[in-house]
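Using the hints, build the complex out of the two chains.
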Amino acid sequence: MTPFYTATDHLVLLPAIMLAFFGCAILLLDHWAPDIMALFRAANPKDRKWLLPVFVLPGIAFTAYTLWRQQSYLAASGATDIQAFQGSLVIDGFSLFFNWIFLIASLIVAIVSYRYLDIEGEHHGEYYGLILLANSGMFFLAAGSDLVTLFIGLELMALCFYVMVGFLRGDRRSNEAAMKYLILGAFSSGFLLYGFSILYGIGGSTKLAAISEAMAARELDDPVLWLALITTAVGLLFKISAAPFHMWAPDAYEGAPTTVTAYLSVASKAASFAFLLRIFLGPFAASREVWEPILAAIAVLTMTVGNFAAISQTNVKRLLAYSSISHAGYMLLGLVAGNETGLQGISVYILVYTFMNLGAFLVIVALRRGNLIGDEIEDLAGLMRRSPGMAMLMLVFLVSLAGIPPTAGFLGKFYIFLALIETGHYVLAVIATLYVAVAIYYYFRMVRTMFLDPSAEQEPLAGSFGLRLAGVSAGVLTLAIGDYPEPFLRLAQTSILR
Amino acid sequence: MAGFLVSLLLIGRFDRGDGGFQLIERVEWIPAIGAKYLIGIDGISLLLVLLTTLMGFVAILSSWSSVTERVKEYYAMFLLQQTGMIGVFVALDALLFYVFWEAMLIPMYFIIGIWGGPRKLYAAIKFFLYTMAGSVLMLVAILTLYLQHFDQTGFYSFEIADLLSATCRWGSSVGCSGDSSSGSPSRCRCSPFHTWLPDAHVEAPTAGSVILAGVLLKMGTYGFIRFSLPLLPQASIDAVIVQAMIALSIVAILYGAFVSLMQQDWKKLVAYSSVSHLGFCTLGIFALNPNGLAGSVIQQVNHGISTGMLFLIVGVIYERRHTREIAAYGGLAHVMPKYAVVFAFAMLSSAGLPLLNGFVGEFTILQGAFETNPLWAALAVPGVVLGAAYLLWLYQRTMLGQVTRSENLRLPDLNLREMAVFLPLIAWAIWIGVYPKPYFEILEKPVARIVERVQPGYFAARPAAEDPLPGLNAVQEAPLP
Numbered sequence: 006m007t008p009f010y011t012a013t014d015h016l017v018l019l020p021a022i023m024l025a026f027f028g029c030a031i032l033l034l035d036h037w038a039p040d041i042m043a044l045f046r047a048a049n050p051k052d053r054k055w056l057l058p059v060f061v062l063p064g065i066a067f068t069a070y071t072l073w074r075q076q077s078y079l080a081a082s083g084a085t086d087i088q089a090f091q092g093s094l095v096i097d098g099f100s101l102f103f104n105w106i107f108l109i110a111s112l113i114v115a116i117v118s119y120r121y122l123d124i125e126g127e128h129h130g131e132y133y134g135l136i137l138l139a140n141s142g143m144f145f146l147a148a149g150s151d152l153v154t155l156f157i158g159l160e161l162m163a164l165c166f167y168v169m170v171g172f173l174r175g176d177r178r179s180n181e182a183a184m185k186y187l188i189l190g191a192f193s194s195g196f197l198l199y200g201f202s203i204l205y206g207i208g209g210s211t212k213l214a215a216i217s218e219a220m221a222a223r224e225l226d227d228p229v230l231w232l233a234l235i236t237t238a239v240g241l242l243f244k245i246s247a248a249p250f251h252m253w254a255p256d257a258y259e260g261a262p263t264t265v266t267a268y269l270s271v272a273s274k275a276a277s278f279a280f281l282l283r284i285f286l287g288p289f290a291a292s293r294e295v296w297e298p299i300l301a302a303i304a305v306l307t308m309t310v311g312n313f314a315a316i317s318q319t320n321v322k323r324l325l326a327y328s329s330i331s332h333a334g335y336m337l338l339g340l341v342a343g344n345e346t347g348l349q350g351i352s353v354y355i356l357v358y359t360f361m362n363l364g365a366f367l368v369i370v371a372l373r374r375g376n377l378i379g380d381e382i383e384d385l386a387g388l389m390r391r392s393p394g395m396a397m398l399m400l401v402f403l404v405s406l407a408g409i410p411p412t413a414g415f416l417g418k419f420y421i422f423l424a425l426i427e428t429g430h431y432v433l434a435v436i437a438t439l440y441v442a443v444a445i446y447y448y449f450r451m452v453r454t455m456f457l458d459p460s461a462e463q464e465p466l467a468g469s470f471g472l473r474l475a476g477v478s479a480g481v482l483t484l485a486i487g488d489y490p491e492p493f494l495r496l497a498q499t500s501i502l503r
Numbered sequence: 212m213a214g215f216l217v218s219l220l221l222i223g224r225f226d227r228g229d230g231g232f233q234l235i236e237r238v239e240w241i242p243a244i245g246a247k248y249l250i251g252i253d254g255i256s257l258l259l260v261l262l263t264t265l266m267g268f269v270a271i272l273s274s275w276s277s278v279t280e281r282v283k284e285y286y287a288m289f290l291l292q293q294t295g296m297i298g299v300f301v302a303l304d305a306l307l308f309y310v311f312w313e314a315m316l317i318p319m320y321f322i323i324g325i326w327g328g329p330r331k332l333y334a335a336i337k338f339f340l341y342t343m344a345g346s347v348l349m350l351v352a353i354l355t356l357y358l359q360h361f362d363q364t365g366f367y368s369f370e371i372a373d374l375l376s377a378t379c380r381w382g383s384s385v386g387c388s389g390d391s392s393s394g395s396p397s398r399c400r401c402s403p404f405h406t407w408l409p410d411a412h413v414e415a416p417t418a419g420s421v422i423l424a425g426v427l428l429k430m431g432t433y434g435f436i437r438f439s440l441p442l443l444p445q446a447s448i449d450a451v452i453v454q455a456m457i458a459l460s461i462v463a464i465l466y467g468a469f470v471s472l473m474q475q476d477w478k479k480l481v482a483y484s485s486v487s488h489l490g491f492c493t494l495g496i497f498a499l500n501p502n503g504l505a506g507s508v509i510q511q512v513n514h515g516i517s518t519g520m521l522f523l524i525v526g527v528i529y530e531r532r533h534t535r536e537i538a539a540y541g542g543l544a545h546v547m548p549k550y551a552v553v554f555a556f557a558m559l560s561s562a563g564l565p566l567l568n569g570f571v572g573e574f575t576i577l578q579g580a581f582e583t584n585p586l587w588a589a590l591a592v593p594g595v596v597l598g599a600a601y602l603l604w605l606y607q608r609t610m611l612g613q614v615t616r617s618e619n620l621r622l623p624d625l626n627l628r629e630m631a632v633f634l635p636l637i638a639w640a641i642w643i644g645v646y647p648k649p650y651f652e653i654l655e656k657p658v659a660r661i662v663e664r665v666q667p668g669y670f671a672a673r674p675a676a677e678d679p680l681p682g683l684n685a686v687q688e689a690p691l692p
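Protein chains in written order, with our numbering: chain A, 6 to 503; chain B, 212 to 692.
Because the hints were derived from the structure by calculation, they are not lab data.
Which bits of chain A does chain B cover? Going by a derived footprint, with three or more residues having C-beta under 8 Å, they are: (1) 407 to 416; (2) 427 to 436; (3) 439 to 448.
Cβ coordinates follow ideal geometry from the N, Cα and C atoms, glycine included.
The following block holds chain B by itself, in its conformation from the complex (with noise of 0.2 Å):
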């Protein structure tokens, strides 16, 4: 828990009108390949550690009663698997950065199989090898493009800077985006590389699956960002990838918020849900510009509440009732009333209704989509529709009408650590809602430098060269008194 209190200290010392990375720490590791241990931040990484210890702090908290068996294993399990998450959005190096991305791995194998659900073994397994296989695609990208760069400057380094320098040749550079682009959505769960994510969402802890959704999830977009993108320029504007990648990405959109409709249990519903909130970042990523791309790091932010809130709202009826049939419950809003003001909040704010903090992230990716082409913003829609759907069905369901199973009549409510665990993301979720403006200056100069990498000229060819985010502010401020 302590963890989060210090990396509140980062934003004391995050300098916001700075682009560049802050807080630099630089250790020579394996001189021999010119790996270095290198780590620090911008503003994408650390709304994203933020994200990580707020997420890290709430799932322990929410775990105190329902992990009763090898309590301390677990425990180091979890703080173990925190370190992985935060070294992969601080490291600079590619090769930490992969040692981190995999080391965090193994963590969470253990949480899934030893104290996950029915199936967790199948769960952790499929889990295990579906991002491993991925990743190590990943590494094969990331070693070409180390040696290339060997290749045109003449000294080894796994620096993401360095790598930057070295112009990819075209052809390889499509190879390598191939390669790393197979890799990170076998983590933020594309369709088609998603099936492994029901299993596992559905069988691990409930602390698991909020980090799972909350937190792991991010770094297959993160890698979007920090590497496919600057890395490999031309193939990331290459059409045929684009409109590849924003094809999965609506179809993930659409085909998440078609399966949750149809889910009886709790649970895999708020899985399937993810992968559509997720087919909206990448949207996002893919759209190539600054609104696009400031929109999917907020919306990732907001995943990981809202999308953490609902699962934490599962565990909470989970522990009492021991079954997640959506049928098994009804009219739970008699019962347990302030559970159902909290899964209001958390079903809204997932399901993008203004004023939380869903509306602004999903806003802003359409409109990031819309800049680049009307037909994507158009095919994404139906997306934020069906999951208003989905989710108030849900609610309807479970929440309203009359208490259908006696069993349901004498549960009792969320007590105070329930609370204490739901409160700072609901005051998150609504501070993003209301007032986002902080976190796009934060994102803002990063994020520019991301799209003035990929598409050289962006902001000179346009005549809002000076105000990167022009749509945005115009509605950032209208909610403001």
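The shape of chain A in the complex, shown without the other chains (with noise of 0.2 Å):
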């Protein structure tokens, strides 16, 4: 019998556990703030921002110390990945790249959080908590190779994020969302959830590897794979936000507090595409003949969705949620051409989309003050004359989403493209390409109203130190992929699920 706890089991789940262990201990202690906060006598004892530098930061700093540590036993052991829980969890390059950018996407949002809450007026304890605890679920997202592991890592993240989404109590747009967000959540939870049963009748076993096995096994027109197949993709795309099981994304992006929703944009779709692709690299692999063609027609479908709402839309919020939508069909693209420029392509496009999305909502994030809002698009009016510099980040920022060369987005379209071609998908490669057109129309009209319309208001923004030095770094990361993308490419090249 082997034993239940070894080293390697605690070596792979320390980064878990220490997020884990942060975020309750943050949860608890906030109960106890005014207490703690009268003995240092501070003046106010409401105050929650020093739970940043006491819990936050180290707790991101004890968890990249745990993946380093990952990350150098596996280069040290030179295997492709180490089981551990007898593979229920599994270190590879894939799992590794992945918490990086969850870990970072953590550390920029709670960075830049903290001025934000203080202006909604809804500074809590439990905000930061969420971060981490959502931050611990994503890690069973990637590193998870078993079918109920990855199930509770996905309700672990997904249960913060409604929690987080509807964060704004007075608001009912936050509210309003937050319900949405939860009932066709739980909806496509329920979706997945039978399509893993179907998966554990067809495997006799929860482990990704034994049911890929057994699906293997099977013919390619057996109803039973069919169903398993739909089912479980279904809830897997809800959770990417790809057409038709995009509802959700406009709404629950416009309600939610606009920190958290560059969250959800950018750490919840990496972890659903780390989800999703350990899914049908794994047990769905063999029946690729089956999902090609469908996933082929989803992702056009999504782009198309994504593209064409998003001109119309006048909330900076709502559109970037329908840009993150094509996005989302491009990254299926990869998965589409499935050979190892694809899935290369998914990670750096993963990557790119990363700093560039976070990046652009920082900008909205540092429009809010006030009785500001800022996330209609008017009020983006004349920033290049009030804040010169947020204004060339978010040009840097819609550049690169656009897909427009020396940006890091241009890297991203130019590897599905790339993988398109050389799997002979011309004619979807004309496709992608094109919609790279009509999204310009929309990132442009930002850019226009920025830079060439007059603006209402004087005032420079009210960004805090911390915001700016996430939106510069994010801003230099964008162009220095971009501009020497090789270091990144090589990264990429590690995280490639065999």
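Set out below in structure tokens:
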């Protein structure tokens, strides 16, 4: 009998433990926060800013250290992966790559949040706890190789997000968004679970490896296989907000606090993609013939819906929600191509998408002040005069989102196109490239408003130091990946799921 | 401005006798996908780089008084755009070419969008979308070639010289040329891809129009010469494609000319006239012989000079009167004699009067087209006649006769700075017109290489193989003492 909890298990699980530990510590200590503040004779006992340096940053630092340990251990062992808990968790290049992305996203979002929450008047300790706990859930999505582990990770992440989306208790939009997200999310989890139960029936095990073998042994026209495939795919596609399961995204993105929208659009999407890749390249790998055309159609539909719906939006957060739907379509195309370039392309795409999309939302966060929500396109008017630094940053992010060289966004799209052509999907490649031109229209509507329209407001933006730092780092990385992509490509190379 | 002076040094270091690429600089950029920072020039790009820097110099000088707001940003955008354009002409790596090609769009968007005319926002986004849609398709074509090269040789490279060594399968090469030829014309505005042009040109500030007309659309024709022809030789001699391109060119020539005749707006007239002139350039390219190609390159330079001058002329008068209605002018020659002389030069060079640059280009192109198919030349010739017609008529309506409006009586003539803008252009126009031989010498080798690539055995099959420009030299010798 194998030992219950080995040293390897410990090493593999440690990042999740760290995140959960600090997350729970915040939740617990926040209750006594006024007493603690009184002990230090703080002027404002309701102030929660101190949680950030005391818990969040050390929590993320410790997690980063454990991830780094894992990475060096993996490199030293020379193996492609390390199994733990009898194959429920796995450490490989794929999980490490994604976990770094989640961690960086959490760090950036936590740093920019404190000012924003103050302005919203909803500065509570739980917020930071939820960020860390959600990140802990994402860890399992990237590293899980067992249906139950994956599902628990998904629910942990999703539950945190349901709460965070509705964090503005006094705001109707936020409440509505949380409700919609919760109901539709629960619905899709139901589908997913149904699919999982069939997969368990097929494989007789919850381990992905065992299910993969059982699936490969089945005929392609087996109705049970189809049923498992379709129900699972519906649940997964909902999570990455692919059309026609994208309905929740615009509402949730618009209603949620902007920092949460940023987190939701980047980390949650990356985690869901990691989940999707684990399933599609694991148990479903053998039935590629069945799902490839379906996914291709869904990807095209996703890009169509995302791009065309974005054109008519007047709310920046809604617009970015639709644009992120269309980005999901591009990433799916990488999976449709399915060769090494395509998978590397998805990794590159998610990496650059993290920075450029976070960056774009950061600028929107910076616009929030006093009684101005700052999420209408008109609120961007004349930004170039009011705050040239922010306007230039936003320009970089939008150009990158549009996929124009020499920014990082081009590289992501470049890889997707390359993979599509390599595998002979010429029509898809042409469609995907033409949608780039459509996307330019709505991204540059924002650019136009920022640079060309006169502004109603004259005051400069009230960005905090953390926000500026995060914005500039994201901007520099967006340009750096675009201009000198070599190290990032090597990084993405290691992340391919084999 | 220093940029132009530096570029003059290029001429000195350029060795005319060598047909290959020179002054090559090579740095590994993205080894993982075989992309390099590889730049160099041959005769074709030398001329176009010189044109770019001269036009930049002239355009900046001309915006001295017309750009009064956000001056700092304007010049920053302008120089960024110059960087992109020169990059396009010198890049020898397909990915680098594409990056420069796209990167230069953003400054142009701002130049039109911020400093343009009344409908600038519409024009800016339309310009951007059309050119972008074309160029992403070109990206697909580049990637296809790149992958075929990989299939055949086993290593990844975007270097044009490497891509040349890959032989394209016929079917896919047709697809690629379809892609790339829908990419390039949308920039060089063959009809029916030209609809962004009047908007962009008319709404752009003067310097923007000069750059658009003078340089930017050359990128489309340059794309044909550098990429479409050498990389896709089978597709390039495919009868259907050639006929289609020729038909598009001729339609562009005639359509542009007819629409120009109808224009009430001075700037729009010039804009449509450049559709017509660009039709000659593509006609020359797809004549697929040395005369056509060399003539096309010369004509591209010519078009930059003459249309650039025409736009500057419109800009000068617009700055003084703030209207571009042709009907608002008349008899300006009495009020502004120097201006009238400059305009006459620009108009005649654009109309292709012998001894000025336009003649050399158009004549060579028509000669090339005639060699391949006399019918093409015959169909294109009316374009020259119409060109003379609408330009002369424009001149007559604005410059000659009595002064019709009292406002026009007090218009100041060209000042010293404005003369400084026009003089280098006029000088260059006369030089090309009177003594074009150095230009043809620069172009001889690179053009011969391209023709050899597209039609192997072209030179061997003809008695005049020693002299790839047989007819030309006779023509050029004539005006010499």
